[in-house]
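> 1 is the number of the first residue of the sequence shown in full-length UniProt numbering; add one for each residue after it.
If you are wondering where the hints come from, they were derived from the structure by calculation, not from laboratory data. All the given hints hold, so there is nothing to weed out.
Pairwise CB distance ranges (calculated):
| # | residue 1 | residue 2 | range |
| --- | --- | --- | --- |
| 1 | Asp-21 | Asn-165 | 35 to 43 Å |
| 2 | Asn-5 | Glu-174 | 40 to 48 Å |
| 3 | Asn-165 | Gln-275 | 40 to 48 Å |
| 4 | Val-305 | Asn-165 | 27 to 35 Å |
| 5 | Ala-298 | Asn-165 | 34 to 42 Å |
| 6 | Ser-300 | Ala-245 | 20 to 28 Å |
| 7 | Ile-210 | Ala-12 | 47 to 55 Å |
| 8 | Val-305 | Thr-271 | 16 to 24 Å |
| 9 | Gly-156 | Pro-276 | 34 to 42 Å |
From the three backbone atoms N, C-alpha and C, an ideal C-beta is built for every residue, glycine too.
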Amino acid sequence: GGAGNDVLAGDAGDDVLGGHDGDDVLRGGAGNDRLYGDAGNDVLDGGDGDDLLVGGGGADRLAGGTGNDVLEGGDGADQLFGGDGSDILRGDAGDDILDAGAGNDQLFGGTGNDRFSGGDGDDVLDGGAGADVMYGGNGRDRMQGGDDDDLVYGEGGDDVLGGGNGNDRVGGGEGNDLIYGDAGDDTLGGHAGDDRLHGGDGNDRLYGDIGDDLVFGGAGNDWIEGGAGNDRLWGDAGADVFAFAASSGADAIMDFDPTVDRLVLNGQHFTVHDQPDGLRIDLSGGGTIVVGALHASAFSSAWIVG
Numbered sequence: 001g002g003a004g005n006d007v008l009a010g011d012a013g014d015d016v017l018g019g020h021d022g023d024d025v026l027r028g029g030a031g032n033d034r035l036y037g038d039a040g041n042d043v044l045d046g047g048d049g050d051d052l053l054v055g056g057g058g059a060d061r062l063a064g065g066t067g068n069d070v071l072e073g074g075d076g077a078d079q080l081f082g083g084d085g086s087d088i089l090r091g092d093a094g095d096d097i098l099d100a101g102a103g104n105d106q107l108f109g110g111t112g113n114d115r116f117s118g119g120d121g122d123d124v125l126d127g128g129a130g131a132d133v134m135y136g137g138n139g140r141d142r143m144q145g146g147d148d149d150d151l152v153y154g155e156g157g158d159d160v161l162g163g164g165n166g167n168d169r170v171g172g173g174e175g176n177d178l179i180y181g182d183a184g185d186d187t188l189g190g191h192a193g194d195d196r197l198h199g200g201d202g203n204d205r206l207y208g209d210i211g212d213d214l215v216f217g218g219a220g221n222d223w224i225e226g227g228a229g230n231d232r233l234w235g236d237a238g239a240d241v242f243a244f245a246a247s248s249g250a251d252a253i254m255d256f257d258p259t260v261d262r263l264v265l266n267g268q269h270f271t272v273h274d275q276p277d278g279l280r281i282d283l284s285g286g287g288t289i290v291v292g293a294l295h296a297s298a299f300s301s302a303w304i305v306g
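Based on the sequences and whatever the hints tell you, model everything.
Spelled out as C-alpha cells, the structure:
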C-alpha cells in the first residue's frame with residue numbers, strides 16, 4: 001500500500017496484501033490470504049478461506065470470515081472477529097476485543113484488559129496479563145483468567161475454568177463445570193449443574209448454587225455455601241464459614257473443625273441428632289446438614305454465628 005490511507009482488495013486466489021503506513025482497508029476475498037495492516041488504524045477482512053491477518057501497530061479491526069483463520073492484533077486496542085471456522089485469535093498488547101464466533105477456537109489476550117467471547121464450539125480462552133472479561137459461550141470450554149482481577153464465565157456446556165492470579169470472579173453457568181479460583185481472594189459460583197469448585201489460595205467465597213456440588217475451600221478463611229441440591233463441602237485449611245439457606249438440600253460437611261469453623265443458618269430453627277456417619281442437623285427450612293466424624297454430644301451453640 002505504501003504511505004497514505006489505502007484500499008486494497010484481493011481476488012479469488014491466495015493473496016498477500018500489505019497496508020504499510022496509513023489507515024488502510026484490506027479485503028482478501030476468496031482464497032487463503034495473508035493480510036498485514038502494519039502502521040495505522042487498519043481494517044482487515046479475510047473473507048472466505050483460511051487466512052492470516054496481522055494488524056500491526058494501531059487500533060485495528062480484523063475479521064477472519066469463513067474458514068480456519070489466524071488473527072493477530074499486534075500493538076493497540078484491537079477488535080478481532082473470527083467468524084465461522086476454528087480460528088486462533090491473539091490480541092497481543094493493548095485492551096482488545098476477541099470474538100471467536102462459531103467453531104472450536106483458541107483466544108489469547110496477551111497484555112491489557114481484554115474482553116473475550118468464545119461463541120459456539122469447544123474453545124480455549126487465555127486472558128494473559130490484565131483485568132479481563134471472558135465469556136465462553138456454548139460448548140465445552142477451557143478458560144484461564146491469568147494475571148490481575150478477572151471475570152470468567154463459562155455459560156453453556158461442561159467447562160473447565162480457572163481464575164489465575166488476582167481476586168477473580170468465576171462462574172460456571174449451565175453444565176457440570178470444574179472451577180478453580182487459584183491464587184487470590186476469589187468468588188466462585190457453580191450456577192446450574194453438578195459442579196466441582198476449588199477455592200485455592202486466599203480467602204474465597206464459594207457458591208455451589210443449583211445441583212449436587214462438590215466444594216473445596218482450599219487454603220485461607222473461606223465462605224462456603226452449597227446452595228440448592230445435595231452438596232458435599234470441604235473447608236480445607238483455615239477458619240471457614242459454612243452457610244445454609246432455607247433452600248438448601250441434604251448437605252454434608254466433610255471436615256468441620258469445631259475449634260475454628262462456624263455455621264450460618266440464616267435464622268432457621270434446628271434440631272441435632274446422631275446418625276452413623278456423623279452429627280445431623282435438621283433445619284426448619286427442610287434442609288439437613290451432616291457433620292462428619294462428630295456426634296451430637298459434641299455440638300455447641302457457639303458453632304452458630306448467623
